[in-house]
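**Student:** We have chain D already, so just place chain E on it with the hints.
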Amino acid sequence: MSSKDLIQSGILELYALGLCSEQEASRVEEALRSDSQVRKEYEEVCEALDHLAVEQSVEPPSFLKGKIMEQIDTLENAATKEDNMHAETAAKPSKTKNNAEDSVQKIGSNKWQWLAAASIVLFMASVGLNYSFYQRMNLAEEEAALLRNNNMLLSDENGIIKTNYEVMQQQYAFLSDKNLKAASLVGTEAYPELEALIFWDDARGDLYLVTNELPALGEDEQYQLWALDNGVPKDAGLVPSDFKDGGAYKLSNISSAQAFAITIEKKGGAKSPTLEKMVVFGTI
Amino acid sequence: MSNLNTSVSLVEQIRSGDRQALERLYDAYAGMVYGVVLKMIRNEALAQEIVQDVFLRIWTNIEKYDESKARISTWIINIARNRTIDEIRSKTYKNQQENQSLDDSVNEGELGGSTEMKVDAIGLKSVINTLRPEQKLLLELIYFGGYTHEEAAKELKIPLGTVKTRIRSSILELRKLLKVE
Chain D
170 MSSKDLIQSG ILELYALGLC SEQEASRVEE ALRSDSQVRK EYEEVCEALD HLAVEQSVEP
230 PSFLKGKIME QIDTLENAAT KEDNMHAETA AKPSKTKNNA EDSVQKIGSN KWQWLAAASI
290 VLFMASVGLN YSFYQRMNLA EEEAALLRNN NMLLSDENGI IKTNYEVMQQ QYAFLSDKNL
350 KAASLVGTEA YPELEALIFW DDARGDLYLV TNELPALGED EQYQLWALDN GVPKDAGLVP
410 SDFKDGGAYK LSNISSAQAF AITIEKKGGA KSPTLEKMVV FGTI
Chain E
2 MSNLNTSVSL VEQIRSGDRQ ALERLYDAYA GMVYGVVLKM IRNEALAQEI VQDVFLRIWT
62 NIEKYDESKA RISTWIINIA RNRTIDEIRS KTYKNQQENQ SLDDSVNEGE LGGSTEMKVD
122 AIGLKSVINT LRPEQKLLLE LIYFGGYTHE EAAKELKIPL GTVKTRIRSS ILELRKLLKV
182 E
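Heads up: the protein sequence lines correspond to chains D and E, in order.
Counting from 170, one number per residue, gives the positions in the first sequence under the numbering used here.
Counting from 2, one number per residue, gives the positions in the second sequence under the numbering used here.
Same shape as in the complex, but just chain D (with noise of 0.2 Å):
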């Protein structure tokens, strides 16, 4: 952890109230003794906290100052008086100390083959560990560079998100239009399956198209939009040839209709609809 991470965490401030677990108090106190920042951080929050407990201030009753220097003569006085017990009996533990002794010298020829087998022992073991220990963490390097690139995926595909959405916002902007009427446009005899959305502002003449369920031409395919006007099919744009599903585009505007066709042209439009290709129908 950081120092900024650290400091931001509040743990400081817990600590300072007395409120942290011995491990996040040993955690602090590292800290406090490596980290110029985080001690000057930590001597502030303690001034802050007693700056609260200095306005607190209320004057002890004049008796008590006297109390309390009385007791700690007595506890003086009678700790005085264990130091002399202490002194008098201190000659004698060494006499046990000496039969300790000599009961080590006895054992003593064992001892260097006693050592060089237990240290023969502790290397083996140092060398287990170590190699475990290497190995974890080389597996922990491996982990880190496995999470580094996760996380560079995410930050891109977020950022693929973070576009899509905002183009969707864009294009689904008109939603919001008042007048907005909407007409389904549902397949054909010949194209059951598909369907295809209209959002028409027939104030201002503005026409969009949801294609929501059209399946991708031919390269040389396109299809096209037609607005019938009292039985006169008009015009009414091609849509892109590199449309998505569920994308919403906006095509010609129209001021005045009562239907709306889908047709497959030859890709750059037709001046009039082929009426055996027309895909989806529908009336506003």
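Keep in mind that the hints were calculated from the coordinates and are not lab data.
Note that the structure is a prediction, hence the values are computed from the model and not measured.
Be a bit skeptical, because a hint or two may be false.
Cut-off 30 Å, straight-line C-alpha distance, at most; resulting in silico cross-link-like pairs (DSS-like, lysine-lysine) [claimed, not checked]:
1. D:Lys403 / D:Lys446
2. E:Lys158 / D:Lys234
3. D:Lys446 / D:Lys350
4. D:Lys403 / D:Lys436
5. D:Lys440 / D:Lys419
6. D:Lys209 / D:Lys173
7. E:Lys70 / D:Lys234
8. E:Lys95 / D:Lys173
9. E:Lys92 / E:Lys165
10. D:Lys413 / D:Lys403
11. E:Lys92 / E:Lys70
12. D:Lys419 / D:Lys403
13. E:Lys65 / D:Lys236
14. D:Lys173 / E:Lys177
15. D:Lys446 / D:Lys435
16. D:Lys347 / D:Lys250
17. E:Lys180 / D:Lys280
18. E:Lys65 / D:Lys234
19. E:Lys92 / D:Lys173
20. D:Lys209 / E:Lys95
21. D:Lys234 / E:Lys92
22. E:Lys137 / D:Lys173
23. D:Lys413 / D:Lys440
24. E:Lys180 / D:Lys209
25. D:Lys350 / D:Lys440
26. E:Lys180 / E:Lys70
27. E:Lys65 / D:Lys250
28. D:Lys209 / E:Lys92
29. D:Lys331 / D:Lys413
30. E:Lys95 / E:Lys180
31. E:Lys158 / D:Lys209
32. E:Lys180 / D:Lys173
33. E:Lys158 / D:Lys236
34. E:Lys95 / D:Lys331
35. D:Lys435 / D:Lys403
36. E:Lys165 / D:Lys236
37. D:Lys413 / D:Lys350
**Tutor:** Here is chain E on its own, set in the frame of chain D:
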């Protein structure tokens, strides 16, 4: 606020067993200790007992004080707060408080009548009163009420994470106010 050098030498004198040095320390900090303890438990006799205890602890534990870790005032307040929190959590105290709500102990101006008179002018326009109400309440619960952050979260019915960030923001606010002063 006392100068750091005097505090250090005072500490050294106390360490060497100088009782007069402890008296000087008492003169400097007894008011603060008594005020905090009173605010926490609202009982003058008990508060005086605790103040005695705090200064005895200072005398016997001065070896444990590490001037590189904390200011002497911080160390003393921590002893006082911990001692009082122990008291608040003790059975005897809880039994005595049975008829009183714990919340009262942290409300401003709820100190017993006679002590209230003794609160000096600085205490009344305490910097804590300039905090936003929710910050003040939380800090009082924890600092003077002896609540842990978990207990405060439960009491205020807010998530633990919010408690932590609010503690930090209120102390940051105090620091800002103190710098302006």
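**Student:** Honestly, which of those hints from before does the structure not fit?
**Tutor:** 2, 8, 11, 16, 17, 19, 20, 28, 30, 31, 33, 34 and 36
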